[in-house]
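> Please take these sequences and the hints and turn them into a complete structure.
For reference, the chains in residue letters:
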Amino acid sequence: MMDNTILTVDGLSKNFILHMLGGEMLYGCDNISFSLKAGEFMGIAGPSGAGKSTIIKCIYRTYIPSAGQIIYRTKEGEEVNLASACERKVLQLRHSEISYVSQFLKVIPRVSSVNILIEELQQRGWSSGKARRQACEFLEMMNIAPKLWDAFPATFSGGEQQRINLARALITEPRLLLLDEPTASLDSETKKIVVQALMALKKKGTSIIGIFHDLDSMNRLVDRVFTMRAGQCKSIKRRQEVV
Amino acid sequence: MVASKQMALTVRGLDKIYGTGCPQCFNLTGPAYETNICSECGTLVACHDISLDLEHGEILGIVGESGSGKSTLVRCLYFDEEASGGESYLAAYRDGKVNLFAETAQRKRHIRNHLMGMVYQNPLLGIKPHFTAGGNVAEKLLTAGFYNFADIRSRAGSLLSRTEVPLARMDDFPAHFSGGMQQRVQIAKALSNNPPLLFLDEITTGLDLSVQARVLDLVKEIQRELGIAMLVVSHDLGVIRMLADRTAVMKNGRMVEIGLTDQILEDPQHQYTQLLVHSML
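In order, the protein sequences belong to chains P and H. Our numbering applies: residue 797 is where the first sequence begins, and numbers increase by one. Our numbering applies: residue 822 is where the second sequence begins, and numbers increase by one.
Careful, some of the hints might be misleading.
Stated by the list, open to error - Just a few of them, taken from the derived set where beta-carbon distance is under 8 Å, the chain H residues facing chain P:
| id | residue |
| --- | --- |
| 1 | Glu876 |
| 2 | Glu924 |
| 3 | Arg928 |
| 4 | Lys929 |
| 5 | Arg930 |
| 6 | Asp1038 |
| 7 | Arg1062 |
| 8 | Asp1083 |
| 9 | Gln1084 |
| 10 | Asp1088 |
| 11 | Gln1092 |
| 12 | Leu1096 |
Derived from the structure by calculation, the hints contain no laboratory data. Bear in mind that the values here come from a model prediction, so they are computed numbers and not experimental data. Ideal placement from N, C-alpha and C gives every residue a C-beta, glycine not left out.
What follows is the structure, given as structure tokens:
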């Protein structure tokens, strides 16, 4: 592995076996290979059902890969194959280095937005006062109105929930961030805020893989674009070539 | 066998049968036969060959349909029921070197009182309705070796306020409490001896939604602040998703799958787990 490579995906395939349909097989992605350097942002593009989310979920180990390797280099320089690492190792990395943001906010009901962020930091050993200050700073950066800070996100608008969701991942400053359509259904003002927040995180050295439908936001952020079609890699291009 | 140091609880090959048993019992039951009753001798195989590890501060979820053996498993581990076979090791007890199932009844009582907590689905199994709320917590503290009245009183008060039971009702009888408040008294009682291991059996079933949310948040808070390892039994996958890092799936007395909770919910491998997840609202 090259010196500043943080992630190497090699021959990754994922099939789903549906027992209810008599063992029918669905193909998620097939023989995917790429690598990612520290501080690099790679976009994944392609039509719905092309297998974009499958790749991200395999890296996060929400899906168990059917074949291939996903070698992640930890902060300590240890190489971990996320495709086969034991569950506790995966959990440990999720708590310390790898974050995933889906399109949906899943939180315990009746926990306020500020407390959702505070809890992320407290889990990582922050004192409550320091965690609160940082949480407020992030809510402000995400342009969440202060009167919503102590409210419960269940009734927030889709855009507000999505920003809370992102803030929750960004506040921990992960080394590897996996994003599944972070700008879906956001208005252009809010998109701008999200793009800025992601740029700031990238500058701090976080490696990011993001799925976008919104090519405009993607082109402002990414170094490379990985284009998929029907579960396979169609092309990997530098940003300029795509535009 | 010596349990690993990191593990709060180690269970190996736990069996529990109700009946006389025959050599065919384990071969004729399980998910493949869709039953846990032996067709040869009629014995009920509630749990067979259950093995699991629980790390300090970890929450392990156990899901499965009614009658799959989830509650029996927890009851065996808490000694409410006597396991028919297998081993169980607790890091906090003799460095995890002694099989708890082989200990005397007196020792088991000691382990239960000092090192474990249990919260039942039915609060009245865990608390005495004709003792006051404070008295219920005090009872557990007394068995765990607290004898100073002022200490007991103040600890009971702080535990009850922690679980949001109004202090003004500390000297009232839980028989007059709502189900949700009884449940919170039960949680306060279970936490009173500061156990390294807590069993939670369907604790949100039957609670109204607002109380359920509070109980879930409380469980998370306890995990975060006290680092207690927990085994959470529920048939509500929403509850499991909120609480558990890892989840085990049971069916007909067998553990059919164990994995990261999001993996169990989004990429279920076993036929039964797929059915369960696809039935989720």
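> Hint by hint, say whether it matches the structure.
Each hint, compared with the structure:
1. Glu876: Given a least distance of 7 Å, the restraint on Glu876(H) holds.
2. Glu924: With a minimum Cβ separation of about 28 Å from chain P (threshold 8 Å), the hint on Glu924(H) is violated.
3. Arg928: violated (30 Å)
4. Lys929: violated (29 Å)
5. Arg930: violated (32 Å)
6. Asp1038: holds (5 Å)
7. Arg1062: holds (7 Å)
8. Asp1083: holds (5 Å)
9. Gln1084: holds (6 Å)
10. Asp1088: At 4 Å from the nearest chain P Cβ, Asp1088(H) passes the 8 Å test, so the hint holds.
11. Gln1092: holds (4 Å)
12. Leu1096: Nearest chain P Cβ about 7 Å off; hint holds.
This entry does not satisfy hints 2, 3, 4, 5, going by the numbered hints stated previously.
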